[in-house]
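*Asks:* We have chain A already, so just place chain B on it with the hints.
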Amino acid sequence: MTTTLSHTSVNVDGWCEAVDRLAGGSLTLLSLWADPPDVKMALLDEAKGDISILSYACRNGQYPTVGVKHPPAIRLERAIRDLHRLEAIGASDTRPWLLHTAAPYEFLAAEGEALHQIAVGPVHAGIIEPGHFRFTANGEYLVRLEQRLGYVHKGIEGLMTGATLDTAAKLAARTSGDSTVAYGFAFALAAEAALKIAAPPRAVYLRALMAELERLANHFSDIGAICNDASFSLMHAQCGILRELTLRTAEACFGQRLMMDIIVPGGVARDIAADGAAALRGLLAEVRRVFPSLIELYDNTASLQDRTVTTGIVKPEYARQFGAGGFVGRASGRNVDARRLPGYAPYDALAFEVPVLTAGDVNARVWIRIREVEQSLSLVDQLLGALPDGSIRVDVPSRGGEGLSGEGLGIVEAFRGDVLVWLRLDDQGRAARCHLRDASWFQWPLLETAVEGNIVADFPLCNKSFNCSYAGHDL
Amino acid sequence: MAVITDFAQQSAQMLLVLLMAPLLTGFVRKVKARLLSRQGPPLLQPYRDLIRLLRKDVVLANNASWLFRVIPYLVFAATWVAVSLVPTFRSGLLFSWTADLIAIIAVLGSARFFLALAGMDAGTSFGGIGSSREVMIASLAEPAMLMIVFAIALIAGSTQLSTMSAFMNSADVGLRVSLGLALIALIIVAVAENARIPVDNPATHLELTMVHEAMVLEYSGRHLALIELAASLKLLLYVSLIACLFAPWGISPAIAAPTLLLVGAAAYIGKIAALGFLLAVFETSIAKMRVFRVPEFLGAALMLALLATLLRFVSRSF
Numbered sequence: 012m013t014t015t016l017s018h019t020s021v022n023v024d025g026w027c028e029a030v031d032r033l034a035g036g037s038l039t040l041l042s043l044w045a046d047p048p049d050v051k052m053a054l055l056d057e058a059k060g061d062i063s064i065l066s067y068a069c070r071n072g073q074y075p076t077v078g079v080k081h082p083p084a085i086r087l088e089r090a091i092r093d094l095h096r097l098e099a100i101g102a103s104d105t106r107p108w109l110l111h112t113a114a115p116y117e118f119l120a121a122e123g124e125a126l127h128q129i130a131v132g133p134v135h136a137g138i139i140e141p142g143h144f145r146f147t148a149n150g151e152y153l154v155r156l157e158q159r160l161g162y163v164h165k166g167i168e169g170l171m172t173g174a175t176l177d178t179a180a181k182l183a184a185r186t187s188g189d190s191t192v193a194y195g196f197a198f199a200l201a202a203e204a205a206l207k208i209a210a211p212p213r214a215v216y217l218r219a220l221m222a223e224l225e226r227l228a229n230h231f232s233d234i235g236a237i238c239n240d241a242s243f244s245l246m247h248a249q250c251g252i253l254r255e256l257t258l259r260t261a262e263a264c265f266g267q268r269l270m271m272d273i274i275v276p277g278g279v280a281r282d283i284a285a286d287g288a289a290a291l292r293g294l295l296a297e298v299r300r301v302f303p304s305l306i307e308l309y310d311n312t313a314s315l316q317d318r319t320v321t322t323g324i325v326k327p328e329y330a331r332q333f334g335a336g337g338f339v340g341r342a343s344g345r346n347v348d349a350r351r352l353p354g355y356a357p358y359d360a361l362a363f364e365v366p367v368l369t370a371g372d373v374n375a376r377v378w379i380r381i382r383e384v385e386q387s388l389s390l391v392d393q394l395l396g397a398l399p400d401g402s403i404r405v406d407v408p409s410r411g412g413e414g415l416s417g418e419g420l421g422i423v424e425a426f427r428g429d430v431l432v433w434l435r436l437d438d439q440g441r442a443a444r445c446h447l448r449d450a451s452w453f454q455w456p457l458l459e460t461a462v463e464g465n466i467v468a469d470f471p472l473c474n475k476s477f478n479c480s481y482a483g484h485d486l
Numbered sequence: 003m004a005v006i007t008d009f010a011q012q013s014a015q016m017l018l019v020l021l022m023a024p025l026l027t028g029f030v031r032k033v034k035a036r037l038l039s040r041q042g043p044p045l046l047q048p049y050r051d052l053i054r055l056l057r058k059d060v061v062l063a064n065n066a067s068w069l070f071r072v073i074p075y076l077v078f079a080a081t082w083v084a085v086s087l088v089p090t091f092r093s094g095l096l097f098s099w100t101a102d103l104i105a106i107i108a109v110l111g112s113a114r115f116f117l118a119l120a121g122m123d124a125g126t127s128f129g130g131i132g133s134s135r136e137v138m139i140a141s142l143a144e145p146a147m148l149m150i151v152f153a154i155a156l157i158a159g160s161t162q163l164s165t166m167s168a169f170m171n172s173a174d175v176g177l178r179v180s181l182g183l184a185l186i187a188l189i190i191v192a193v194a195e196n197a198r199i200p201v202d203n204p205a206t207h208l209e210l211t212m213v214h215e216a217m218v219l220e221y222s223g224r225h226l227a228l229i230e231l232a233a234s235l236k237l238l239l240y241v242s243l244i245a246c247l248f249a250p251w252g253i254s255p256a257i258a259a260p261t262l263l264l265v266g267a268a269a270y271i272g273k274i275a276a277l278g279f280l281l282a283v284f285e286t287s288i289a290k291m292r293v294f295r296v297p298e299f300l301g302a303a304l305m306l307a308l309l310a311t312l313l314r315f316v317s318r319s320f
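Chains as they are written, first to last, in this note's numbering: chain A, 12 to 486; chain B, 3 to 320.
Looking at chain A on its own, in the form it has when it is part of the complex (with noise of 0.2 Å):
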């Protein structure tokens, strides 16, 4: 399937007929973000996969709310408003999301006798990102969560505002550490594309061989924390060990463990240490041989399965509508991956499944996990065997004044899902405006409606299973 983007100006007529396709269903909501003074909207038609970004110039800072019959967007839009002070008009939710201000923020009403609110963070008893949860219970029954993000709001996208490439590219890979090397990748992709450069055979390969090492490295601590969050900690202890050898293995072929900076746009910081493909096949071997037993200590361990078993249920229809990415849509039927739609080079050339289960509970998420990691350990080998001789970044023109604006869309498999990167170079090759949105955009929304009906001592287990980014979503 090849993949068409097309840009579009658009008037009111334009937006609300996108918007209404969008409420129909035939149309996938990729990203809604102000680039003042127009706000522009990424759609994604799945069926013919094309990918268009309509661009609507606000009148007196207006524009028509997508939010009212499309509720994915309700939050882009509050964050728009906080950042840019576009109001979407006819909006039903006109709160702060990103921005905290001294007024209290109003949570949703929950009434009826024998209701009662918890309210849980945003500092947390252990070591994770602030945000809060404010849930209402009937006893141990959850009547409704709803959260409180922004607690992590570093300014990413203001300080990128005429920032160089290079700094640029920095900030990317800053926006969700656990992400970095999808983040870096995204925005090389869409800095290459508005520059209309190709980074080299070798660089692209490398760019895949690391972005499947952070999968990997954060599939399995995943896994262990799921199984931790269930007080199953041989799961968690095993799973660290592995997760510790991925890690090792990235710093030994590219020298640093997490990865960051390496991918730039261009191709590539650093080439892969001498010695690194039997790093990466010593690990390979290894994770061959453990990874199969603690799958089956998961899958026979019964008081774990009773624990994630039909536990917070992401029903199919939401994450069709909020068209979820990454383990949380693809466990409730969703057959998606960045790496196939819109898909991007080297994945195009190499052979790998899309696990999709349909249950949608905790179970299936970790199960997904499972399976992308066995895909993963197989594309590493790909990509190994295949990987090209030559060079591993091309020159980016940078200053010189003329032909040097352009706009450009990248969007990456990260291991939560597809990050989007939609960037605007000036005419001196500054990035002029940069969006990024995290996966969990549309994955936190998920989580509101999939612990509705679960216990109150079952949430941290369901949070975990989607284990959503804070500061990818906060940027």
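These aren't lab readings, by the way, just hints derived from the structure by calculation. Computed from a predicted structure; not experimentally measured. None of the hints are false.
Chain B stretches covered by chain A per the calculated footprint, using a threshold of three residues with CB under 8 Å from any CB of chain A:
1) 38-50
2) 189-203
3) 209-217
4) 290-303
All C-beta atoms, glycine included, are put in the ideal place defined by N, C-alpha and C.
*Replies:* Only chain B this time, still in chain A's reference frame:
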């Protein structure tokens, strides 16, 4: 002279349990860590934690009542008294006439009642959650525990621990089905009462899943030290109880030579270590259950204990 020896030995028992309780906690943690391929904290870490907590200031919630401040002492005292009554290395201690098993359960029950009150005292949602869950568990564990006592008391002919222990050590016991059922039930109750996996997780940091830890979340400084020490003592109590009822070998009789006392002490430490090791293995091999499975789990204990009691009426040989 006899009174002085008795008094000394009772004091020795009280000191022994007080000193050993954190060690058992540290030992279980260490074994669990080793089973997970981790180094684990040193065995003496619980003592250091207690000293650290004792040195720290107490932070009190603004709306905490006097009850909140008094309860740690109450809980600690009650638990310490309860564990001092269980025969460890010697039976027939000075206080053993009060060492009625039902009294021990009652003392522990009062301690829990006050702790649950303290959980709700500051008015935070976690304290309330913890207290409500704790009481739910207790309301099932206590009847099961009483049935266990009845089952064993019917066989031993007494609810007095020294007598029960002596009977279990004698040849009259034999192999009895009802004792086996009571043992399993007692283990289930011990796991639940001590907030161990699969009922609760003593090492958890997840606010929403905690039971015991949620209840004591507002405590700090010396109050927390007392509550932690009480929790360690309670674990030691249940382990000692299982040891004294179901593995009474080596417990020295009331009037005995010093060598027998030493043998008793060594046997006791060996039994505690073995049971602590088994606890660590059990905890490592199982995930925590859903809160609403706990009633089924404890219901099983109640049924087993009931069955053990009823079997006695079917035939005296059970």
